[in-house]
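Enquirer: Sequence:
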Amino acid sequence: MATFEKGVVVKLKSGGPKMTVVGVGDYGPIGPEDGVQCTWFDEKNKLQSQTFDAAVLELV
1 MATFEKGVVV
11 KLKSGGPKMT
21 VVGVGDYGPI
31 GPEDGVQCTW
41 FDEKNKLQSQ
51 TFDAAVLELV
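Following the numbering used here from start to finish, the sequence shown increments by one per residue and tops out at 60.
Be careful, since some hints might not be right.
Straight-line distance between alpha carbons at most 20 Å, and here's what the computed SDA-like set of lysine to any residue pairs gives [unchecked claim]:
1. 18 to 5
2. 44 to 24
3. 6 to 58
4. 18 to 43
5. 6 to 48
6. 11 to 41
7. 44 to 5
8. 11 to 39
9. 44 to 58
10. 44 to 6
11. 13 to 24
12. 6 to 40
13. 6 to 56
14. 13 to 41
15. 6 to 55
16. 6 to 43
17. 13 to 42
What follows is a set of in silico ranges between Cβ atoms, one per label pair, in the way DEER data are often shown [as the list claims (entries may be wrong)]:
18. 2 to 44: 17 to 23 Å
19. 9 to 44: 30 to 36 Å
20. 60 to 34: 25 to 31 Å
21. 44 to 5: 25 to 31 Å
22. 28 to 48: 24 to 30 Å
23. 56 to 6: 16 to 22 Å
24. 3 to 45: 16 to 22 Å
25. 2 to 45: 14 to 20 Å
26. 26 to 2: 30 to 36 Å
27. 14 to 39: 25 to 31 Å
28. 46 to 3: 26 to 32 Å
29. 43 to 3: 25 to 31 Å
30. 28 to 7: 21 to 27 Å
Keep in mind the hints are simulated off the structure, nothing from the lab. As the structure is a computational prediction, the values presented were derived from the model and not from experiment. Glycine included, every Cβ here is placed at the ideal spot set by N, Cα and C.
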């Protein structure tokens, strides 16, 4: 599994938009060191933010 750091660009392994990592760590139910907080702009140019399990992301 890849190691993610703030500022790197990632995407979901299943596809989707490019996202920027803004935080890594324990984000609740995901578990310690497995949470990756990402931001991206949607198709309407609105800023979105979500925390993902690191296992579902890949580097772009």
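Enquirer: Each hint: holds or not?
Expert: Status of the hints after comparison with the structure:
no. : hint                 : result
1   : 18 to 5              : holds (15 Å)
2   : 44 to 24             : violated (26 Å)
3   : 6 to 58              : holds (14 Å)
4   : 18 to 43             : holds (12 Å)
5   : 6 to 48              : holds (16 Å)
6   : 11 to 41             : holds (13 Å)
7   : 44 to 5              : violated (27 Å)
8   : 11 to 39             : holds (11 Å)
9   : 44 to 58             : violated (24 Å)
10  : 44 to 6              : violated (25 Å)
11  : 13 to 24             : holds (18 Å)
12  : 6 to 40              : holds (14 Å)
13  : 6 to 56              : holds (17 Å)
14  : 13 to 41             : holds (18 Å)
15  : 6 to 55              : holds (16 Å)
16  : 6 to 43              : violated (23 Å)
17  : 13 to 42             : holds (18 Å)
18  : 2 to 44: 17 to 23 Å  : violated (29 Å)
19  : 9 to 44: 30 to 36 Å  : violated (20 Å)
20  : 60 to 34: 25 to 31 Å : violated (20 Å)
21  : 44 to 5: 25 to 31 Å  : holds (29 Å)
22  : 28 to 48: 24 to 30 Å : violated (18 Å)
23  : 56 to 6: 16 to 22 Å  : holds (18 Å)
24  : 3 to 45: 16 to 22 Å  : violated (30 Å)
25  : 2 to 45: 14 to 20 Å  : violated (28 Å)
26  : 26 to 2: 30 to 36 Å  : violated (18 Å)
27  : 14 to 39: 25 to 31 Å : violated (19 Å)
28  : 46 to 3: 26 to 32 Å  : holds (29 Å)
29  : 43 to 3: 25 to 31 Å  : holds (30 Å)
30  : 28 to 7: 21 to 27 Å  : holds (23 Å)
Hint check: violations occur at hints 2, 7, 9, 10, 16, 18, 19, 20, 22, 24, 25, 26 and 27; the rest are consistent with the structure.
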